[in-house]
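Student: Please arrange chain E on chain Y, whose structure you already have, making use of the hints.
Here the protein sequences come in this chain order: Y and E.
FYI, the working numbering numbers position 221 of the first sequence as 221, with every residue one higher than the one before it.
One rule links them: number in the working numbering = place in the second sequence (from 1) + 1000.
One thing to keep in mind: the hints can contain errors.
Said to hold, decoys possible - If you only want the chain Y side, here are some residues facing chain E, beta carbon under 10 Å, derived:
id: 1; residue: K31
id: 2; residue: A56
id: 3; residue: E59
id: 4; residue: L61
id: 5; residue: T94
id: 6; residue: V96
id: 7; residue: L102
id: 8; residue: L120
id: 9; residue: D124
id: 10; residue: Q130
id: 11; residue: G154
id: 12; residue: L190
id: 13; residue: L207
id: 14; residue: K358
id: 15; residue: C365
id: 16; residue: Q371
As the list claims (entries may be wrong) - On the chain Y side, residues computed to face chain E include the following (Cβ under 7 Å):
id: 17; residue: N35
id: 18; residue: C38
id: 19; residue: P42
id: 20; residue: P92
id: 21; residue: V138
id: 22; residue: S140
id: 23; residue: G141
id: 24; residue: E321
Stated by the list, open to error - Covered, in the sense of this in silico footprint (three residues per stretch, anywhere, with C-beta under 8 Å from a C-beta of chain E), are these stretches of chain Y:
id: 25; segment: 104-118
id: 26; segment: 175-186
id: 27; segment: 276-286
id: 28; segment: 337-343
Hints were generated in silico from the structure; no laboratory data involved.
This structure is a prediction, so every number in the text was calculated from the model and none was measured.
We treat Cβ as the ideally placed atom computed from N, Cα and C, and that holds for glycine.
What follows is each chain in one-letter form.
Number of protein chains: 2
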Amino acid sequence: MMLRNLALKGKIEVSEPSKTLRALNFSTQIKKVLNLDCISKPLKEAEYAVRGSIPARAEELFLQLKNPQHRFPFQQVVRCNIGNPQELRQKPLTFVRQVLALVECPYLMEEKNMAQTLKLFPKDAIKRAQSYFENGMVSSGSYTISQGMTFIRGHVAQFIERRDGFPSDPNKIFLTNGASQAVTFVLQLLISGLDVGIMIPTPQYPLYSATLTLLNGVSCPYYLDEDDDWSISINELRRSIQQARQGGTNVRALVVINPGNPVGNCISVARMEEIVDFCVAENLVLLADEVYQENTYNSALPFASFKRVKERMGGRHRDLELFSFHSTSKGFFGECGKRGGYVELSGIDPEVEKQLLKLASIGLCSSVAGQITTDLMVDPPAPGEESYELFVQEKQSIIDSLKRRARRLVEVFNSLEAVTCNPAQGALYTFPQVRLSKKAIAEAERRGMTPDAFYCLQLLENTGVSTVPGSGFGQKEGTFHFRCTFLPQEEEFDCFTELVQNFHKRFMEEYSDNS
Amino acid sequence: MMLRNLALKGKIEVSEPSKTLRALNFSTQIKKVLNLDCISKPLKEAEYAVRGSIPARAEELFLQLKNPQHRFPFQQVVRCNIGNPQELRQKPLTFVRQVLALVECPYLMEEKNMAQTLKLFPKDAIKRAQSYFENGMVSSGSYTISQGMTFIRGHVAQFIERRDGFPSDPNKIFLTNGASQAVTFVLQLLISGLDVGIMIPTPQYPLYSATLTLLNGVSCPYYLDEDDDWSISINELRRSIQQARQGGTNVRALVVINPGNPVGNCISVARMEEIVDFCVAENLVLLADEVYQENTYNSALPFASFKRVKERMGGRHRDLELFSFHSTSKGFFGECGKRGGYVELSGIDPEVEKQLLKLASIGLCSSVAGQITTDLMVDPPAPGEESYELFVQEKQSIIDSLKRRARRLVEVFNSLEAVTCNPAQGALYTFPQVRLSKKAIAEAERRGMTPDAFYCLQLLENTGVSTVPGSGFGQKEGTFHFRCTFLPQEEEFDCFTELVQNFHKRFMEEYSDNS
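Only chain Y is shown next, with the shape it has when bound in the complex (with noise of 0.2 Å):
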């Protein structure tokens, strides 16, 4: 630093400089070459919380507590910030799994191993490990097409098919690296200027903002209905929708998420008839997140995909344009390492399809892993198999835990002073408000911080509990929320609501406006 003041100035002073060289000196020797000013600015202006300050900060004290000499209050870091399942040690499912070993292996199944692979494996693992190459696969480590192995894409569409009872097209899927790419791939075909805009809820999953702020695109947020179990009103995406076109915004699609993330919701199908009217006669594109499809909890509320809904409605519904997305990270897979993943379009022009595949080709093709995951999601084992006695007790299990859990983790915030928490109908997370006292809201001020991220890293630092903010998703002004995944196992709930319970306790008493 020293040295380079010094070289600064001796340029200043021998050359004299214009205004402009001088300028042009500060930033060649002071300066990188690649510094914050050249990030573009909507690079430097997204945000994605799921993964932000507070989750990093969990990292730092997982490091930590490694030391056992560490002086905090708890003995780990519980990862709440996101759903991902097996890090919280859901199993994997055993099938899937020895599919995928054996399809690293193929030597396994060679005539002269055969014997021995039937002590380890079940036959229907290694006839279906088989298939993949009798499919043409060549190997696991092989680049696919940029779309996705063709005969993998065609059991994406038999599963459509018999989920919806109504004709799916191999050609109109995608295999991605999880939803995420598939989602950013068809936000890159949506935003064609700073004035096309893309009606999110809020709050929402923020690779919806993140991306349309990366892409100079407009997040146009319609609030979900907190008082009404977070729905989603028809009024309110008109009213949104009107703001966004009086201000000169280029409205193009809508994003909906069901079940719902963060906040659980699952949408009727009532209400989703409304949506596809809606759309319709608003001429929109649907984009319908539908990653938490198998994660249902309320059976008043079964999930029907939007691809039924608007074919079921007939006439000119039909033509919505639609991308459904689905993913191998959720559901009672929570295969998130895998990145597997897929969008089907309906509705779509062929010209748009052409240029999705483009981008798809430019970066070669995703995971292997992660497009096999999705076949065995897509066709898992069926009756009389050897495998489909465990797959389903294993299934039933996670899914019925998953139930529970949600149940329990909404009692447990509902039963916290100033706490309020909607039922989680889906998905995979609670989203509880927190009505914090003057004396909190000061404090993060205080702190530079908002105060909902203020409560989210005092419960981090007191109980190793790592959640994200509400602002993280958008919430309404005023409000405060955070989210919490229930995916702690049913075991270690005891000791995690106490933790949680008991950290609201103190935090409600050490920041009372009475006190």
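Tutor: Just chain E, lined up with the frame of chain Y:
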């Protein structure tokens, strides 16, 4: 269509709207909401020939060849358009696949199964698989932290230190979905406005040009010298940057691909030092694409990393801002489908690093299979370990064979009339020049194709050999090339080269200007 025309007609006749309104009615009634006009100019203009029309036609042929009554004069599609070794039956390394399989199925390593497992897997593969869990990986199905697993980044840093003899910091390493994703991230950091340019080699791997187009950046080509084995000349770098800067472009970085894609050139250390000098003098960030670092075939030009070269040069050269890329897809691994890769940052502003971390976090994390494959690449079996001998034998066999095939294919091309081909000093590609006749050029024009695309299409239709026209990589005006990998297995090489030779002879006869 009928109905739509009527509706449109009605609208116009009844209301006689203004020209603008009429255009609006057109667009809302005939066109899709999302149509080609909505697609951003950069996306429409981006091109990626490696997966372009010729490879797409190859996939059609692949399907048609399945029909036993096909009438093609060949039996298979030979995919020489892309560096995808395992698709052309390069065998994966046994140890790599064993570890990946064991990581998928931890039950294989439980005590009750160990005796059986040891009959199918070597001890060191088991130990290695266990090490991931011992190092804190809960499951291969978890999202990792966005930058990639910490201890794997530690191994990458150790690998770089062993390779270069200079320190490397795990915190400056980002694990990504192949090197492609890393390159995209870095270009996103660099491009902040319409006037920002990046110098790229020409011919170049079109990931760079396509991504720059998508990001609204400026590609500033510098030409490789075909007459000097596709070398990089400093004078040409100077010409390129001067021209770009005179045109108002803010040139911020230089891309060097070494060994080179698509031309297979290798750069001498002396020339690398000149390139580092040039970057320092011209205030450029250097992007070193070193994914082919294990693929060198000329002992006079062994691989050296730009990191090592700049560190050895010392002084202010060490401050050069450098991004170095590597991948599991090439070398002797060839594990393209795993999507493993990394970028090492050296001399980069910490504030810029934070922006990179944000970009990485929006996609959550890279493929875990890719991360583990990266780990195995940088930390292979050591001498004395059970798998060492087989690993070295498999590795050497692939490297030796690639070397022979590189030489052979170049010889074949040089034996053809009107074809010249520089030796492939590295990478996986030949890039022969074909001097096409006026007649061939005229026929291409008649068909609305570039002459090189016409040649490649004819080659494909007559032999099943899929290549990429030189125009997809950039080439000097009036010259015609194509890129062809030498990845067919040696036992197929006679047949493959005979097909190419016979085709070329017939093509030259058919399109001879003298006939």
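Student: For each hint, tell me whether it holds in the structure or not.
Tutor: Each hint tested on the structure:
Given hint, Y:K31 at the interface with chain E, holds; its Cβ is 8 Å from that chain's nearest Cβ, closer than 10 Å. Interface restraint check for Y:A56: the shortest CB-CB distance to chain E comes to about 9 Å, inside 10 Å, so the restraint holds. A hinted interface residue such as Y:E59 counts as satisfied when its beta carbon comes closer than 10 Å to some beta carbon of chain E; here the least separation is about 6 Å, so the hint holds. Because the closest C-beta pair between Y:L61 and chain E is about 13 Å apart, greater than 10 Å, the hint is violated.
For the restraint placing Y:T94 at the interface with chain E, the shortest Cβ-Cβ distance is roughly 7 Å, inside the 10 Å limit, so the hint holds. The closest approach between the C-beta of Y:V96 and any C-beta of chain E is roughly 9 Å, which is under the 10 Å cut-off, so the hint is satisfied. The beta carbon of Y:L102 is positioned within 10 Å of a beta carbon in chain E (closest approach about 7 Å), and the interface hint is therefore held. Contact between Y:L120 and chain E, as hinted, is supported at the beta carbon level, the nearest pair being about 5 Å apart and thus within 10 Å.
A cut of 10 Å between beta carbons decides the hint on Y:D124: the least distance to chain E is about 15 Å, and the hint is violated. Taking 10 Å as the C-beta contact cut-off toward chain E, the hint placing Y:Q130 at the interface is violated, the least distance being around 15 Å. Here the hint on Y:G154 is broken, as its CB sits about 13 Å from the closest CB of chain E, past 10 Å. Annotation: interface hint on Y:L190 holds; nearest CB of chain E at approximately 6 Å, less than 10 Å.
A hinted interface residue such as Y:L207 counts as satisfied when its beta carbon comes closer than 10 Å to some beta carbon of chain E; here the least separation is about 6 Å, so the hint holds. Restraint check, Y:K358 versus chain E: the minimum CB separation of about 6 Å is within 10 Å; hint holds. Hint status for Y:C365: holds, given a least beta-carbon distance of 7 Å to chain E, under 10 Å. Residue-level restraint check for Y:Q371 holds (minimum Cβ-Cβ distance to chain E is 8 Å; threshold 10 Å).
At its closest, the beta carbon of Y:N35 sits 5 Å from a beta carbon of chain E; the interface hint therefore holds under the 7 Å criterion. Look at Y:C38: its Cβ gets to within about 5 Å of chain E, closer than 7 Å, so that hint holds up. This hint is violated: Y:P42 has a C-beta 9 Å from the nearest C-beta of chain E, more than the 7 Å allowed. About 5 Å separates the beta-carbon of Y:P92 from the nearest beta-carbon of chain E, less than 7 Å, and the hint is met.
Hint status for Y:V138: holds, given a least beta-carbon distance of 5 Å to chain E, under 7 Å. Interface restraint check for Y:S140: the shortest CB-CB distance to chain E comes to about 5 Å, inside 7 Å, so the restraint holds. Hint on Y:G141 holds. Least Cβ distance to chain E is approximately 4 Å, under the 7 Å limit. For the restraint placing Y:E321 at the interface with chain E, the shortest Cβ-Cβ distance is roughly 6 Å, inside the 7 Å limit, so the hint holds.
Given as covered by chain E, the segment 104-118 of chain Y passes the check, having 7 residues with a CB less than 8 Å from a CB of that chain where 3 are the minimum. For the segment 175-186 of chain Y, the stated coverage by chain E is satisfied: 5 residues place a CB nearer than 8 Å to a CB of that chain, which reaches the threshold of 3. For the segment 276-286 of chain Y, the assignment as covered by chain E holds, since 3 residues bring a beta-carbon within under 8 Å of that chain's beta-carbons and 3 suffice. For a cut-off of 8 Å, the count of residues in the segment 337-343 of chain Y with a CB near a CB of chain E stands at 3, and the three-residue condition holds.
Figure legend: structure checked against the earlier numbered hints; hints not met, in rising order: 4, 9, 10, 11 and 19.
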